[in-house]
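Undergrad: Single-letter residue listing:
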Amino acid sequence: MITVTELVKEYHTRSRDVRALDGVSLTVPDGSIHGIIGHSGAGKSTLVRCLAMLEPPTSGSIQIDGKELTTATARDLRRARRRIGLVFQQANLFDSRTVVHNVAYPQEIAGVPKAQRVARARELLRLVGLEDAADVYPAQLSGGMRQRVGIARALATNPDVLLCDEPTSALDPRTTDEILELITSLRRPDLAVIVITHEMHVVKKICDSVSLLEHGRIVESGPLTDVVATLDGRLSQMLLGIPPHGDVPGTLVDVLCRGSQAAEPIVAHTSKLVGAELAIIAGSVEHLAGTTFSHLRVAVPSGADARVVVEEFRRQGADARLTAELEEVGQ
Amino acid sequence: MDFSIITPQIWAKIWEGLGETLQMVGISGLFTVLLGLPLGVLLFSLGGAGKVGRATGATVGFAVNIVRSFPYAILMVSLIEVTKLIVGTSIGPVAASVSLTVAAVPFFARLVESALRDVPSGKTDAALAMGSSHIQIIWKVWLAEALPSLVAAITTTIVTIVGYSAMAGLIGGGGLGRLAYNYGYQRFIGEVMVITIIILILLVQIIQLVGEGIAKMVDHR
Numbered sequence: 010m011i012t013v014t015e016l017v018k019e020y021h022t023r024s025r026d027v028r029a030l031d032g033v034s035l036t037v038p039d040g041s042i043h044g045i046i047g048h049s050g051a052g053k054s055t056l057v058r059c060l061a062m063l064e065p066p067t068s069g070s071i072q073i074d075g076k077e078l079t080t081a082t083a084r085d086l087r088r089a090r091r092r093i094g095l096v097f098q099q100a101n102l103f104d105s106r107t108v109v110h111n112v113a114y115p116q117e118i119a120g121v122p123k124a125q126r127v128a129r130a131r132e133l134l135r136l137v138g139l140e141d142a143a144d145v146y147p148a149q150l151s152g153g154m155r156q157r158v159g160i161a162r163a164l165a166t167n168p169d170v171l172l173c174d175e176p177t178s179a180l181d182p183r184t185t186d187e188i189l190e191l192i193t194s195l196r197r198p199d200l201a202v203i204v205i206t207h208e209m210h211v212v213k214k215i216c217d218s219v220s221l222l223e224h225g226r227i228v229e230s231g232p233l234t235d236v237v238a239t240l241d242g243r244l245s246q247m248l249l250g251i252p253p254h255g256d257v258p259g260t261l262v263d264v265l266c267r268g269s270q271a272a273e274p275i276v277a278h279t280s281k282l283v284g285a286e287l288a289i290i291a292g293s294v295e296h297l298a299g300t301t302f303s304h305l306r307v308a309v310p311s312g313a314d315a316r317v318v319v320e321e322f323r324r325q326g327a328d329a330r331l332t333a334e335l336e337e338v339g340q
Numbered sequence: 003m004d005f006s007i008i009t010p011q012i013w014a015k016i017w018e019g020l021g022e023t024l025q026m027v028g029i030s031g032l033f034t035v036l037l038g039l040p041l042g043v044l045l046f047s048l049g050g051a052g053k054v055g056r057a058t059g060a061t062v063g064f065a066v067n068i069v070r071s072f073p074y075a076i077l078m079v080s081l082i083e084v085t086k087l088i089v090g091t092s093i094g095p096v097a098a099s100v101s102l103t104v105a106a107v108p109f110f111a112r113l114v115e116s117a118l119r120d121v122p123s124g125k126t127d128a129a130l131a132m133g134s135s136h137i138q139i140i141w142k143v144w145l146a147e148a149l150p151s152l153v154a155a156i157t158t159t160i161v162t163i164v165g166y167s168a169m170a171g172l173i174g175g176g177g178l179g180r181l182a183y184n185y186g187y188q189r190f191i192g193e194v195m196v197i198t199i200i201i202l203i204l205l206v207q208i209i210q211l212v213g214e215g216i217a218k219m220v221d222h223r
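Taken in order, these protein sequences are the chains called A and B.
Per our numbering, the first sequence starts with residue 10, numbered consecutively.
Per our numbering, the second sequence starts with residue 3, numbered consecutively.
Bear in mind the hints are in silico, worked out from the structure with no lab data behind them.
Just so it is clear, CB atoms sit at the ideal spot from N, CA and C, and this is done for glycine as well.
There's no promise every hint is true.
What the hints assert, rightly or not - Dumping the calculated EDC-like pairs for lysine to aspartate or glutamate here, alpha-carbon to alpha-carbon at most 20 Å:
(1) B:K142 x A:D104
(2) B:K142 x A:D144
(3) B:K53 x A:D26
(4) B:K218 x A:D144
(5) B:K53 x A:E64
(6) A:K76 x A:E15
(7) B:K218 x A:D104
To be verified - Residues from chain A that face chain B, not an exhaustive set, calculated with beta carbons under 8 Å:
(8) A61
(9) L63
(10) R87
(11) R90
(12) F97
(13) Q99
(14) D104
(15) P115
(16) Y146
(17) A148
All chains, full assembly: derive it from the sequences and hints.
TA: Below you can see the structure in the form of structure tokens.
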């Protein structure tokens, strides 16, 4: 388990002071995969660098299983770093070493005997599906394979935390899915996984919980199924985004259904109950963490009362809101 | 050109000169790598260190630049006393190696520094994040990853030393430079000059080819 409390990182340059992290708090329990999503400039890279202790935070605390990292001495820190496996956007493999010796590197510097660390490296390469590539050099591998080697290397010391920094941002969609499947398959009761990304797709596909990072703060956080379950949440709007549509006459209403509800003809029911024909003009349906969510936008014809429509949707257990209100929330 | 005027005695001198040149290049090449490599690593690592480190780096860099601003001919004359102190004499290839080393170390150190700068910083981050110590990063990441460039730097440096060694010959170092000067310039036997030039060309070609071969062998990028 990794616990981050009030993490602050300030940079002082000659011209100005930058507060890249402005009090980030976060807990990721063992056995779960937590996504941290944010646009560029939100502080993602700084957060990764601080969590990996590549840069000391200005204040705040980082604890792994209750052990504080920020106050560790240089020697303790080197040991502590072995408890965090770091996966980079560019795999950052060593070109001078074969694949198996790349994966063996963390144990090599920890002083594990050669036969033992090479055996462990081969076992990890089998885990990521690359046992045949053990003796080639990284330059001969594709981007996806290099990332697999990077993941195997990050796991070599049996870390408690796997920290993935934009692990799929340099990969094509198909390879991205393969790497995401691999990360999902790593889920173990004693491993906390943090995935930092700007891609919604990554969060949707593998995360149990998610945090939204903006201007160095976590502005929204929670289990995936909770954060998307409310229409006016920022993460919900990002994860269950409505595709663009043209101008439609009438008042627009957004409806969010979850679970078994999403499979019911709720729009047809409501149409019947309010006596107006509601048209679905846009929508998205996603399976997130095992639950189906549907986010629909319906047009209420003039003559019908949109507020009554909203009430009727809510009465049937869905979240509903006038689209105009949501747009205000989103501003 | 009438190469028949090169008597067996002169041939013997030529081989002796080649031997002395190789000796100068060998000794100073070895010491240049031994001293210049750590200096280059120091220059590079101080660049990324804190305020004190950067100040130290600037000082070391300044000293390196001072030595580099000496034309070699002036440097070797000014080092005569130092050479006597170190090897006991200022005559002969061993003595000449002192000034050759002093001239080549800063040059090589700068090449090492720039070779290390070309190692992507992400690799250093990765090594740090995996718990590497500074020494481990220097050996296992910087030097290992920069090895092909370092081999190229050594090759360039040795070729430069070959050039300097001809000058060193003039103030008592011996070698092919001295030979070419004595026979070609002072006695007007141009043939000896031509032979010397051919030998030097071959020597530099061989060094370059061997260097490139090794660089290619260790390059897995």
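Undergrad: State for each hint whether it applies.
TA: Each hint, compared with the structure:
no.: 1; hint: B:K142 x A:D104; in the structure: holds (11 Å)
no.: 2; hint: B:K142 x A:D144; in the structure: holds (18 Å)
no.: 3; hint: B:K53 x A:D26; in the structure: holds (18 Å)
no.: 4; hint: B:K218 x A:D144; in the structure: holds (19 Å)
no.: 5; hint: B:K53 x A:E64; in the structure: holds (16 Å)
no.: 6; hint: A:K76 x A:E15; in the structure: holds (16 Å)
no.: 7; hint: B:K218 x A:D104; in the structure: holds (13 Å)
no.: 8; hint: A61; in the structure: holds (5 Å)
no.: 9; hint: L63; in the structure: holds (6 Å)
no.: 10; hint: R87; in the structure: holds (4 Å)
no.: 11; hint: R90; in the structure: holds (4 Å)
no.: 12; hint: F97; in the structure: holds (6 Å)
no.: 13; hint: Q99; in the structure: holds (6 Å)
no.: 14; hint: D104; in the structure: holds (5 Å)
no.: 15; hint: P115; in the structure: holds (4 Å)
no.: 16; hint: Y146; in the structure: holds (4 Å)
no.: 17; hint: A148; in the structure: holds (5 Å)
Consistency note: the structure conflicts with none of the earlier hints.
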